[in-house]
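S.K.: Residue numbers (the working numbering), protein chains in the order written: chain A, 1 to 314; chain W, 1 to 260; chain U, 1 to 523.
Possibly wrong hints are sitting among the right ones.
[Stated by the list, open to error] From the derived model, a few chain U residues whose C-beta atoms are all more than 10 Å from chain W: (1) Ala37; (2) Arg244; (3) Leu403.
[What the hints assert, rightly or not] Mimicking SDA-like on lysine to any residue, the simulated pairs with C-alpha atoms at most 20 Å apart in a straight line are: (4) U:Lys402 <-> W:Leu36; (5) U:Lys316 <-> W:Leu36; (6) U:Lys74 <-> W:Pro214.
[To be verified] A few chain A residues that don't get close to chain U, going by computed Cβ distances all over 12 Å: (7) Arg10; (8) Met29; (9) Val86; (10) Ala97; (11) Ala98; (12) Val99; (13) Ala104; (14) Leu153; (15) Ile156; (16) Leu163; (17) Thr164; (18) Pro167; (19) Ala176; (20) Phe208; (21) Leu265; (22) Leu288.
Source of the hints: derived by calculation from the structure; they are not laboratory data.
No residue lacks a Cβ here, since even glycine has one placed at the ideal position from N, Cα and C.
The primary structure of each chain is shown beneath.
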Amino acid sequence: MRRAGFVLRRLASAVPVLLAVLTLSFVMMQLVPGDPVQTMLSGAGPAPTPEQEQALRHQLGLDRPLHEQYFGFLADAVRGDLGRSVQTGQPVVSAIAAVAPASAELALFALVLSLVFGVGIAVLGRVTTGPLRSLCHGVPVVFMSTPGYWVALVLIEVFSFRLTLFPATGDKGFAALVLPAVTLALPAVGVIAQVLGTSLAAVDAEAFVVTARAKGAGRWRVLLRHALRNASIPTITLVGTTVGNLLAAAVIAETVFARPGLGRLTLQAITNHDIPVLQGVVALLGVLYVVVNLLVDLCYVLVDPRVTADRIRD
Amino acid sequence: MRPGVVLSLLVLAFVALCVTVPGLLASTPPDRIDPLVMLEPPSFAHPFGTDQLGRDVFSRVVHGARMSVLVALAAATTSLVVGALVGLVSGLLGGWLDALLMRAVDVLLAFPALLSALAVIGILGSSPVNVAVAVAAAGIAPFCRVVRAQVLHVRTRPFVAAATVSGVRPTAVLVRHIIPNAAGPVLTLALMSLGVALLASSSLSFLGFGPRPPDADWGTLASSGRDYVGTAWWLTAFPGVMVVCTTLAVTALHRAVARP
Amino acid sequence: MAALAVAAVGCSTTTSDSPAPQAQPKSGGTLTFATDADPGCLDPHQSPTAASQLVTRGVVDSLVAQDPKTLELKPWLAESWTSAPDATSFTFTLRTGVTFSDGAPFDAEAVKANFDRIVNPATKSLLAASLLAGYDGTTVADPRTVTVKFKAPNASFPQAASTAFLGMQSPKAFEAGPEAVCRKPVGSGPFVAAERQPQAGITLSKRADYNWGPETAQQKGAPYLDQVVINIVPENGVRMGSLRTNQVDAVANVPPKEVDGVKAAGFEVLSKAQPGIAYTLNLNAAREPLSDVKVRQAIAKAIDTEALVDTLYQGKYPRATSVLTGATPGYASILGTSQFDTGAAERLLDEAGWKKQDDGTRAKNGKPLSVEWTFITPAREQRDLLAQVVQQQLKAVGVDVKLAPMAMGEAIAKTARGELQMGDISFVRADGDVLRTVLTAPRGGAPAVVAPEVPGLLSAAAATVDDSVRDENYAKVQRSLIENATAIPVYDPTYLLGVGKAVHGIVFDPQGLPSFHEAWVSR
């Protein structure tokens with residue numbers, strides 16, 4: 001019962017964040033220099049007449065006062081209508097829906113990779129000694145400091161063109177997913193390995209671990225049963241931000257590996273000044289952030305018996 | 001000093017030389033076109049090889065340091081100043097303004113740096129200044145948080161109460177004590193933020209939003225070599241290595257400072 | 001009169017056409033083709049791009065076919081046609097038994113529906129409508145006979161009708177609206193396009209009952225290939241690597257510098273000089289400081305096109321000698337030798353009052369000599385590098401060029417507002433009338449201002465079927481553009497197609513784009 005109440009309260013607290021995100025994307029539209037009407041009418045042969053401009057302005061509701069436009073925008077957004085792409089005339093929501101599965105597939109696989117390798121490196125860094133240990137401590141920083149575009153190019157060169165293990169492009173089949181997913185995952189592996197490694201070290205010194213060890217529990221048993229469980233809290237928090245970062249990295253990976261997806265959609269929207277699409281992506285990220293954080297908070301409760309729902313915020 | 005720190009300082013010293021006196025390190029002008037030596041692999045005459053127009057890649061990388069580093073520095077500094085001011089105001093005034101500002105920071109944090117920067121570029125258009133603004137805007141939030149936390153922390157200290165009792169204006173006390181207290185964490189954060197800014201700005205350049213020719217930074221250099229991935233690896237490899245090394249050096253310093 | 005003869009072409013450029021005939025063509029299999037540009041909308045009536053035409057050419061048939069070698073017009077969906085002497089009406093007699101891939105019949109009503117749709121503003125045609133300039137309607141005499149009328153003469157209409165832009169689509173498919181047609185055009189061609197997901201590749205499947213190939217094709221029945229998969233791979237390096245490692249069968253736009261290496265590795269590179277507007281830099285005579293003809297001429301003389309072509313394209317793209325490419329009907333060689341002459345350029349700038357400063361730049365009344373070049377990104381054919389070299393060449397005579405990269409849509413809008421100072425363009429069409437297409441409603445990057453006599457010359461050329469008059473007028477226009485230095489021709493675009501070892505029979509259509517109708521794979 002307490003959990004249900006907690007979920008409800010968390011959902012309620014998401015509303016202001018969503019409102020802020022939508023407001024932000026509305027403000028974005030206002031900040032764009034140049035006239036959206038002219039952008040929309042440009043392209044087709046002769047210069048548009050003032051009447052055409054006026055008609056389109058009216059059709060888009062741009063001749064209404066600003067506050068009316070704002071509330072109109074909010075009402076539309078709640079109904080799931082984010083306007084139409086300036087470039088293709090397609091509804092923004094369907095433009096996003098068409099490419100979102102490809103990005104979701106990529107991001108999900110990258111997330112799995114980053115968790116497996118991130119946790120793996122952190123654990124190795126705790127249980128090993130000597131050069132392997134230093135390697136496990138050094139590698140995450142290198143991963144975090146390497147730009148995604150460079151990783152992508154190196155991966156293509158080595159694994160696709162020299163070793164011919166994976167295709168360089170394409171959006172069909174698992175093999176085509178590997179290189180872009182590794183590109184996405186690499187910095188996330190670095191962050192997760194580093195944060196988990198640090199908190200593992202901290203937990204190691206805590207009372208209950210010392211007790212468990214005194215009781216004669218084995219090294220691995222302590223690590224798995226006690227330390228890892230407790231050290232995973234900051235890692236779970238990280239997963240929240242990682243999802244957003246994976247999507248950001250997708251802009252680069254999808255461009256270099258020529259995959260369809262949200263990243264390329266965003267990039268196209270920017271080069272074409274397609275603000276409605278850009279607004280749509282921003283709104284989507286806002287929703288995603290709220291959902292992921294909700295899940296993260298739920299995970300806290302499940303993982304650490306000392307955390308109660310009331311202690312989560314702050 | 002640990003060897004890692006020494007190495008980082010050496011790398012940063014080299015980068016600093018590239019930024020200040022590029023002509024001293026690379027005597028060939030970075031934009032001298034030479035049709036006789038197009039796309040040559042690294043050699044004694046051209047340590048990093050030559051590009052599609054026969055320009056010396058080493059010279060281009062050395063000269064490209066200025067744009068790369070200055071944009072990242074400008075972005076990180078702007079993030080610091082704006083973030084610290086907002087954090088200070090938020091922490092000092094408290095109340096509804098604090099709540100509002102922190103909500104805004106939450107929203108900012110919801111967006112990955114590269115995407116917020118891209119959104120800003122989408123609005124402002126692309127130019128080195130806009131790239132710096134975009135990257136700076138994306139990096140404000142952490143500074144807000146750190147400074148605000150320091151303000152709240154200092155507020156609870158007994159000496160603030162003592163000073164208030166003795167008639168000193170509380171705001172004056174706070175500011176006088178907050179600045180030295182916050183300086184450490186803020187500067188540590190600044191180092192990290194510099195690394196992030198370098199990665200983000202070079203990624204934006206790679207995507208085509210960077211400086212316009214004849215100016216070039218490491219991101220645009222790596223980008224212009226992507227036509228020849230598979231045949232002329234040196235075009236992307238060396239600018240990329242520079243970005244990695246510089247970011248790594250900054251990050252390593254950050255770690256050394258954060259955990260003495 | 002049966003077919004409009006087209007002038008013989010003064011073809012000074014390299015044109016190596018289809019590969020030597022191979023053994024026995026083999027049916028079946030899939031050909032994977034990596035192209036560089038996202039075609040976006042696949043409706044030829046809407047989209048102006050060559051990238052889109054590359055896909056749609058196999059999907060839609062045209063009334064008329066143009067021979068890729070002789071550029072003569074031959075029957076296709078129209079068995080014959082006649083033209084009124086004043087070139088204002090054209091009557092086509094249609095082939096029977098042709099159906100669209102959705103089952104709808106091809107007849108005179110379908111022709112009318114297509115042309116009416118193209119000029120309908122709701123279609124938002126970006127190019128096709130301009131090929132029908134002055135359209136006055138189509139009348140259907142009987143299911144096999146149709147007459148297209150124009151208010152003003154349009155002598156090059158039959159040639160325009162041979163392009164995919166005026167290709168025939170199923171009127172039934174129009175009902176779904178222009179956006180649906182963008183995703184899935186329905187034609188009567190040898191291939192059928194599958195519904196396209198945004199950004200994804202395109203799959204073309206064989207139309208087994210196709211048997212109305214044009215007279216110009218060797219293969220008139222169904223294609224050999226079961227499928228053509230077109231992947232969009234914008235990265236040149238990735239595309240070339242994919243060819244080298246046999247991940248794809250053929251690639252578009254091989255960078256000229258890669259040609260020798262790819263050939264040495266055992267791949268074939270087919271090249272085809274493209275007809276139309278050469279790659280030209282254009283100066284807007286309505287904007288300061290380019291309103292002074294001396295400044296424009298100085299810029300034209302300061303650009304070493306010979307060196308540009310050698311450095312960037314290693315002779316794989318020839319230096320342009322006129323605004324039209326050598327492969328275009330109506331081409332006149334204006335620049336037999338390069339006009340590069342820095343001494344003359346410096347003199348002209350001095351005369352125009354732009355005095356050299358100590359730092360090598362020039363200024364007049366305290367104002368520096370500076371020109372903004374709006375160039376379209378993403379750049380094809382290494383035009384971004386070309387811009388950098390030009391920037392350097394002009395810096396040598398004291399002209400400061402600021403490069404302003406811009407997306408296509410924005411550049412077009414800027415041209416339309418007349419704000420462009422310097423721009424660049426190339427445009428594919430196998431007819432001298434392409435000058436009218438580009439100049440009358442200036443396209444993105446085209447010269448904004450032309451000499452007063454130019455529009456008259458172009459409409460007179462469009463009004464006659466006399467090729468000698470057309471050639472003469474087109475020659476005058478080309479000379480005027482170059483002498484006034486509003487256009488500076490740089491190179492003749494050449495399509496370089498990389499082909500894997502298992503691929504045979506890819507030929508080029510008259511627009512210089514690869515066609516897959518006769519292609520087959522041996523594996």
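S.K.: It remains to establish, for every hint, whether it holds in the given structure.
M.R.: Right, here's what the structure says about each hint:
1. Ala37: holds, 15 Å
2. Arg244: Non-interface label fails for Arg244 of chain U: nearest chain W Cβ at 7 Å, not farther than 10 Å.
3. Leu403: violated, 5 Å
4. U:Lys402 <-> W:Leu36: Status violated; Cα separation ~27 Å.
5. U:Lys316 <-> W:Leu36: holds, 17 Å
6. U:Lys74 <-> W:Pro214: violated, 50 Å
7. Arg10: Fine: 35 Å to the nearest Cβ keeps Arg10 of chain A off the interface.
8. Met29: holds, 18 Å
9. Val86: violated, 9 Å
10. Ala97: Violated, because the least Cβ-Cβ distance between Ala97 of chain A and chain U comes to about 10 Å, which does not exceed 12 Å.
11. Ala98: violated, 5 Å
12. Val99: Given a closest Cβ separation of 6 Å, the condition is violated.
13. Ala104: holds, 14 Å
14. Leu153: violated, 8 Å
15. Ile156: violated, 6 Å
16. Leu163: violated, 10 Å
17. Thr164: violated, 5 Å
18. Pro167: violated, 5 Å
19. Ala176: Nearest chain U Cβ is 10 Å from Ala176 of chain A, so the label is violated.
20. Phe208: Fine: 52 Å to the nearest Cβ keeps Phe208 of chain A off the interface.
21. Leu265: Non-interface label fails for Leu265 of chain A: nearest chain U Cβ at 7 Å, not farther than 12 Å.
22. Leu288: holds, 20 Å
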